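K.L.:
Listed below are the residues making up each chain.
Protein chains: 2
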Amino acid sequence: MIKEVLGSFIENLKTAKNYPFILVIATTDVSLIPGITVAGASPELTHFTPAADAEFLVLGKCKVINTVPITPDGIPTPALVTRASLSFTKVTKLVVNAGSKILPKIPFIDVGGKPGGDIRKYSLDLETTQRIIENSTLLGEELSNTYDLLVIGESIPAGTTTAMAVLQGLGYNAIDKVSSASPTNPKELKRKVVLDALKNLPSNTLGKIAKLADPMLISVAGISLGFKGKILLAGGTQMTAAAAIIKEFNKEKLKDIAIGTTKWIVKDRCSDIISLAKQVGVSLIYADLDFSKSKHKGIRVYEEGYVKEGVGAGGASILAMVNGAKNEDIVRKVDDMYSELLISKN
Amino acid sequence: MIKEVLGSFIENLKTAKNYPFILVIATTDVSLIPGITVAGASPELTHFTPAADAEFLVLGKCKVINTVPITPDGIPTPALVTRASLSFTKVTKLVVNAGSKILPKIPFIDVGGKPGGDIRKYSLDLETTQRIIENSTLLGEELSNTYDLLVIGESIPAGTTTAMAVLQGLGYNAIDKVSSASPTNPKELKRKVVLDALKNLPSNTLGKIAKLADPMLISVAGISLGFKGKILLAGGTQMTAAAAIIKEFNKEKLKDIAIGTTKWIVKDRCSDIISLAKQVGVSLIYADLDFSKSKHKGIRVYEEGYVKEGVGAGGASILAMVNGAKNEDIVRKVDDMYSELLISKN
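First to last, the protein sequences are chains L and H.
The opening position of the first sequence corresponds to residue 1 in the numbering used here, with each subsequent residue numbered one higher.
The opening position of the second sequence corresponds to residue 1 in the numbering used here, with each subsequent residue numbered one higher.
Keep in mind that the hints were calculated from the coordinates and are not lab data.
Honestly, I wouldn't trust all of these hints.
In this list, chains with the same sequence are indistinguishable; a pair is considered to hold if it fits within one copy or across any two.
Capping the alpha-carbon separation at 25 Å, the derived lysine-lysine pairs in DSS-like fashion look like this [stated by the list, open to error]:
id, residue 1, residue 2
1, Lys199, Lys63
2, Lys208, Lys247
3, Lys63, Lys114
4, Lys199, Lys247
5, Lys90, Lys14
6, Lys326, Lys17
7, Lys61, Lys17
8, Lys90, Lys228
9, Lys297, Lys114
10, Lys326, Lys295
11, Lys228, Lys326
12, Lys61, Lys228
13, Lys297, Lys253
14, Lys228, Lys105
15, Lys295, Lys14
16, Lys63, Lys3
17, Lys326, Lys297
18, Lys114, Lys326
19, Lys121, Lys208
Computed from a predicted structure; not experimentally measured.
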């Protein structure tokens with residue numbers, strides 16, 4: 001079941017004629033800070049996660065690494081949920097590389113980006129920031145000729161930290177409000193990194209974004225600014241930061257946008273997406289998923305606060321539900337895919 | 001008016017519900033051979049032409065060079081005709097970089113290709129060739145979820161020479177049958193280069209393609225092999241070589257394909273697309289354009305055999321006509337765009 005938290009957007013999904021699933025990938029050096037993210041078995045491996053997620057989404061297998069991305073505990077990437085959910089739809093999957101250190105070995109759209117640095121120093125230079133916005137806007141404009149709805153997901157390790165930095169830098173109250181793929185959100189570390197990053201902040205918007213934002217957020221904002229139809233931002237608290245950037249450039253645009261996420265993000269006691277979405281002024285819906293009856297422990301742990309969201313898993317589940325799939329259909333498909341992965345691994 | 005020469009394909013265009021215009025760009029070092037191509041003001045500048053064509057198509061202006069690509073005589077790129085024609089349609093323009101030395105400063109789809117070398121030595125290594133085919137096939141598959149027709153154009157200087165080499169290498173009689181953007185087709189030079197390239201040819205198909213083909217031909221073939229609907233190959237004699245590569249991998253696929261070109265290619269006395277299309281077994285249609293009443297000399301010279309085709313100009317004109325535009329509408333739009341260019345230049 002799809003649930004509406006803020007605003008009303010579900011009707012737009014039901015009446016949409018033609019939409020793609022876009023995955024925007026990027027990396028920053030923030031994910032190399034030990035303990036800040038579990039989106040990879042080690043800090044170094046986090047730079048492979050977005051490319052591997054993109055490959056799994058499109059191909060059903062990874063090429064840049066041997067298996068699917070896992071947490072240090074061995075829990076698989078939410079790309080599994082995304083791919084399983086999208087099997088109930090007939091959508092074109094488009095991968096946009098906004099700036100990933102490792103490139104996926106599948107076709108992808110290049111928007112002239114670069115990987116982000118460590119935001120305690122600088123994420124991106126102004127020229128790259130401007131180029132990502134312009135090219136992504138152009139991409140959004142072109143896609144308007146084919147589609148009336150875009151569903152945009154993301155994969156970027158440590159993306160909640162850059163999201164917190166952007167939100168705080170743009171004047172929102174975001175400290176301790178962003179989510180984490182771990183049940184024990186490393187809030188103190190994130191806060192420390194963000195407060196460091198906020199020192200010596202440029203006063204103009206573009207300067208703030210270049211200093212604090214990751215390339216994914218900038219590209220998602222650009223695509224949305226250029227697109228003429230409705231947009232479902234498929235992600236958790238990070239997408240409130242994308243919406244905040246969109247608002248800086250075109251406040252009216254927020255009317256056409258909702259964040260589509262999972263139950264685990266909305267119900268999370270260690271973060272507060274409802275507060276963030278309210279502050280920014282963007283609609284919020286979620287897929288009321290329940291993985292407690294999965295055959296696999298690595299999937300059942302979603303109910304304990306592991307993973308929660310990522311690679312547009314919530315938005316993809318929402319699409320599956322719009323196309324008639326029930327929670328048990330999605331769970332069965334996720335289980336089947338996970339079983340296949342375990343077989344091919346052995 | 002759209003005219004059918006071989007097979008019957010026009011009905012597929014009329015019934016198609018949703019299609020993009022895809023421009024596949026690449027370069028090879030064949031274009032550096034003095035006198036072999038006029039697709040650039042000098043041999044060195046030919047490497048900028050595909051990126052500049054892509055930019056003009058999407059943006060209406062070029063970024064990698066100051067003005068639009070021109071011949072050494074100052075005649076502008078056929079991208080002008082393509083952009084003017086597509087203004088009568090509502091299509092998404094997608095640029096695929098199959099291997100261009102200069103990258104366009106707009107969003108493009110990367111299929112993991114590389115620029116081709118000089119075919120007298122070697123165009124591409126086997127690994128790159130395989131990667132371009134696989135990634136392009138995957139792209140074609142994904143696009144099947146959105147579109148029921150693809151229109152695929154090209155921009156690659158000296159592409160008719162690599163096309164002749166591929167056709168001849170795959171067993172067709174192509175010597176002196178490929179076209180040229182110049183009214184005085186440099187046939188002797190092309191023949192010499194091709195005959196040199198055909199020496200020490202590997203015996204297997206992939207080896208032949210790697211040695212002789214440019215990245216554009218390989219990518220166009222791959223996209224077509226992966227796509228599940230109808231395909232209009234928007235180009236001149238080069239597209240018979242793309243069709244020949246498609247045939248090597250899947251002969252049945254040719255039933256879904258037609259080449260869509262211009263009157264100037266079909267009526268050209270210095271080349272023979274009808275013979276090539278017949279030999280390969282692919283349908284052929286053309287836009288019966290007449291530029292004799294253009295306000296600009298650089299456009300009227302199409303009637304004297306200059307330019308003829310390129311950047312999918314023929315296929316784009318066909319689309320304009322399917323959407324109700326008449327020859328005079330297209331000429332007026334081309335003239336207006338050319339006038340704007342001349343104003344912005346001064």
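K.L.:
Indicate, hint by hint, whether the structure satisfies it.
P.N.:
Taking the hints in turn, this is what the structure says about them:
1. For the homomeric pair Lys199 and Lys63, neither the shortest alpha-carbon distance inside one copy (39 Å) nor that between copies (36 Å) is at most 25 Å.
2. Taking the shortest Cα distances, Lys208 and Lys247 sit within 25 Å of each other inside one copy (14 Å), while across copies they are farther apart (54 Å).
3. In the homo-oligomer, the alpha carbons of Lys63 and Lys114 lie at most 25 Å apart both inside one protomer (21 Å) and across protomers (19 Å), since each shortest distance falls under that limit.
4. Taking the closest pair of Cα atoms, Lys199 and Lys247 come within 25 Å of each other only inside a single copy of the chain (23 Å); across copies the shortest separation is 62 Å, beyond that limit.
5. When the C-alpha separation of Lys90 and Lys14 is checked against a cutoff of 25 Å, the pair qualifies both within a copy, at 14 Å, and between copies, at 24 Å.
6. Within a single copy, Lys326 and Lys17 get their C-alpha atoms as close as 21 Å, which meets the 25 Å cut-off; across copies the closest is 31 Å, which misses it.
7. Proximity of Lys61 to Lys17 under the C-alpha cut-off of 25 Å is found in neither arrangement, the shortest distances being 29 Å within a copy and 32 Å between copies.
8. When the C-alpha separation of Lys90 and Lys228 is checked against a cutoff of 25 Å, the pair qualifies both within a copy, at 22 Å, and between copies, at 13 Å.
9. Taking identical chains as interchangeable, the C-alpha atoms of Lys297 and Lys114 are never at most 25 Å apart, the minima being 37 Å within one chain and 44 Å between chains.
10. When the C-alpha separation of Lys326 and Lys295 is checked against a cutoff of 25 Å, the pair qualifies only within one copy, where the shortest distance is 17 Å, while the shortest distance between copies is 62 Å.
11. With identical chains, the CA atoms of Lys228 and Lys326 are never at most 25 Å apart, being 31 Å at best within one copy and 29 Å at best between copies.
12. Proximity of Lys61 to Lys228 under the C-alpha cut-off of 25 Å is restricted to the inter-copy arrangement: shortest distance 22 Å between copies versus 33 Å within a copy.
13. Taking identical chains as interchangeable, the C-alpha atoms of Lys297 and Lys253 are never at most 25 Å apart, the minima being 41 Å within one chain and 45 Å between chains.
14. In this homomeric assembly, Lys228 and Lys105 come within 25 Å of each other (Cα to Cα) only across copies, at 22 Å, whereas the closest approach inside a single copy is 30 Å.
15. Taking identical chains as interchangeable, the C-alpha atoms of Lys295 and Lys14 are never at most 25 Å apart, the minima being 31 Å within one chain and 50 Å between chains.
16. Taking CA atoms no more than 25 Å apart as the test, Lys63 paired with Lys3 passes in neither setting, with 36 Å inside one copy and 46 Å between copies.
17. Taking the shortest Cα distances, Lys326 and Lys297 sit within 25 Å of each other inside one copy (21 Å), while across copies they are farther apart (64 Å).
18. In this assembly of identical chains, the alpha carbons of Lys114 and Lys326 never lie at most 25 Å apart, being 39 Å within a copy and 45 Å across copies at closest.
19. Taking the shortest alpha-carbon separations for Lys121 and Lys208, only the intra-copy value of 12 Å comes in at or below 25 Å, while the best inter-copy value is 51 Å.
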